[in-house]
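J.: Spelled out, the chains give:
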Amino acid sequence: MTDTVASSDAAPPTQAQITAEISAIGREGAGSGEPGQQPRLDYPPYRSSLLRHPTQGLHQVDPEGIDLWAPVFGDRDVDPLEADLTVQHRGEPIGERAVVTGRVLDGDGRPVRHQLVEIWQANAGGRYIHQRDQHPAAIDPNFTGVGRCLTDADGWYSFTTIKPGPYPWRNHRNAWRPAHIHFSLFGRELTQRLITQMYFPGDPLFELDPIYQAITDPAARDRLVARYDHDVTQPEWATGYRWDIVLAGGHRTPTEGNGA
Amino acid sequence: MTLPPTPGQTIGPFFGFALPYARDSALVPPTAPGAIRLHGHVYDGAGDPVPDALVELWQAGQDGVVPQEPGSLHRDGYTFTGWGRAATDRAGHYGFSTVAPGATRDGEAPYLAVTVFARGLLDRLFTRAYLPGDDGALAADPLLASMPPERRHTLVARPDNHGFVFDVRLQGEGETVFLHHERH
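Heads up: the protein sequence lines correspond to chains P and C, in order. Taking our numbering, the leading residue of the first sequence gets 86, the next gets one more, and so forth. Taking our numbering, the leading residue of the second sequence gets 103, the next gets one more, and so forth.
For the record, the hints were derived by calculation from the structure and aren't laboratory data. Given the structure is predicted, the values throughout are model-derived calculations rather than measurements. Glycine is no exception: its CB is placed at the ideal position from the N, C-alpha and C atoms. Any given hint might turn out to be false.
[Claimed, not checked] Residues from chain C shown here face chain P by an in silico Cβ test under 8 Å; the list is partial:
1) P109
2) I113
3) V168
[Stated by the list, open to error] The calculated label-pair distances, taken between Cβ atoms and stated as ranges, are:
4) C:H195 with P:D147: 24 to 34 Å
5) P:A238 with C:R207: 26 to 36 Å
6) P:A238 with C:D262: 37 to 47 Å
7) C:R207 with P:H220: 43 to 53 Å
8) P:D147 with C:V267: 25 to 35 Å
9) P:E113 with C:H195: 32 to 42 Å
10) P:E113 with C:R253: 42 to 52 Å
[What the hints assert, rightly or not] Short derived list, chain C residues pointing at chain P, Cβ under 8 Å:
11) T112
12) H176
13) Q273
14) E277
15) V279
Can you build the whole structure from these sequences, using the hints too?
T.: Have a look at this one:
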């Protein structure tokens, strides 16, 4: 291909091109007065979104019936040891041990109690235990990178893990994802279902990353960044990060089923 | 007090070693009395199957009661929790064994709530799979009535030998109707 029209056969775009696209969409969002609190589903700098976003607007519906409920998880579902990603193998994993903790709240600030939190992540070298991850970084035989827990009666979750490394991907040439942990969350209603990514503070890759930048409101995307919390850090053991999660959109009162 | 919501992000390409689990898609065992298969493909805007999507189901039981029983991850084979998940395979196909939900209210057209995640999809999408059979209830359903007639079929599963087929088209011709729930 010698033409300059972007196509899947063309040379991959450079970071400069992707950054320019990100900036242009950001300026457009700032001018509209309605910066995005949620990621844009149609976000061309993230090339995989091109054919995977709906082109018709989302259809407004009043939640009803099953929408107003969420599945319930309990002690039979989750072993407490699943919250410690550093004890799943015989030896200690390599990397910076970290405690990641916070509260899961609804939009009114009420705790989401006894609900499932799932996480998955790369290891310290930025490598996932997944056959499709071809990044030539070491697999750590002592680290899988999968955890689960239930929030407690005040909505707290806590994981002990290894700080993941950034990793390369093929969205564009020399593309690197900022270090992140994937989080999967349930609320009290189906409408609160959330899968997102938690990032670490001060990452120089933030401004280059089209997934993070797909949330065009800077304040909203900053809500995905944990903060370092020295009160969570444990002496001679692990650094600590605090990240609270707000599941908006709930309507039902939290008192049903748990006596609160 | 209203707290701003935490934004969503794509599920990414590498959830397959983390989120799927044993019998995740078996809300009831395939051999259970009344078991049906709900299955289909997830397609992108070019009509190609999406091999890295995750589909979740949430539904009432046959009696229309919304389960509030734990055990979806434990899957003892006897407890109906109403929830399950299925990753698409290399051909973009997913499948569940479950039961046909009953109406949660008189006159309601029963449906299964479907949530879709995928690499390339920056936030989850909600939709519904209505089951065919009661044309009167479907015609009276407020949601189906509120959308253009030519798009209603995207939310109605079609019968096959073992149950029902529900394809999800993320974009383009026959694009599935995806839902945004109003805040009260």
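J.: Is the shortest C-beta separation between V168 of chain C and chain P less than 8 Å?
T.: Holds: closest Cβ of chain P sits about 5 Å from V168 of chain C, inside 8 Å.
J.: Min Cβ distance, H176 of chain C to chain P: is it shorter than 8 Å?
T.: holds, 4 Å
J.: In this structure, is the beta-carbon distance linking R207 of chain C and H220 of chain P contained in 43 to 53 Å?
T.: holds, 51 Å
J.: Quick one, is the V279 of chain C hint okay against chain P at 8 Å, beta carbons?
T.: Nearest chain P Cβ about 5 Å off; hint holds.
J.: Is 32 to 42 Å right for how far apart the beta carbons of E113 of chain P and H195 of chain C are?
T.: holds, 38 Å
J.: Honestly, do E113 of chain P and R253 of chain C meet the 42 to 52 Å range at C-beta?
T.: With Cβ atoms ~29 Å apart, the hint is violated.
J.: Between D147 of chain P and V267 of chain C, is the Cβ distance one that fits in 25 to 35 Å?
T.: holds, 28 Å
J.: Holds or violated: the 24 to 34 Å window for the beta-carbon distance between H195 of chain C and D147 of chain P?
T.: At 32 Å between Cβs, range holds.
J.: Hint check: is the beta carbon of Q273 of chain C less than 8 Å from a beta carbon of chain P?
T.: holds, 6 Å
J.: Given E277 of chain C as an interface hint, is the shortest Cβ-Cβ distance to chain P below 8 Å?
T.: holds, 6 Å
J.: CB of A238 of chain P to CB of D262 of chain C, is that within 37 to 47 Å?
T.: Holds, at about 45 Å.
J.: T112 of chain C was flagged as interface toward chain P. Is the shortest Cβ-Cβ separation under 8 Å?
T.: It holds, given that the least Cβ distance between T112 of chain C and chain P is near 6 Å, below 8 Å.
Hint compliance for this structure: hint 10 alone is broken.
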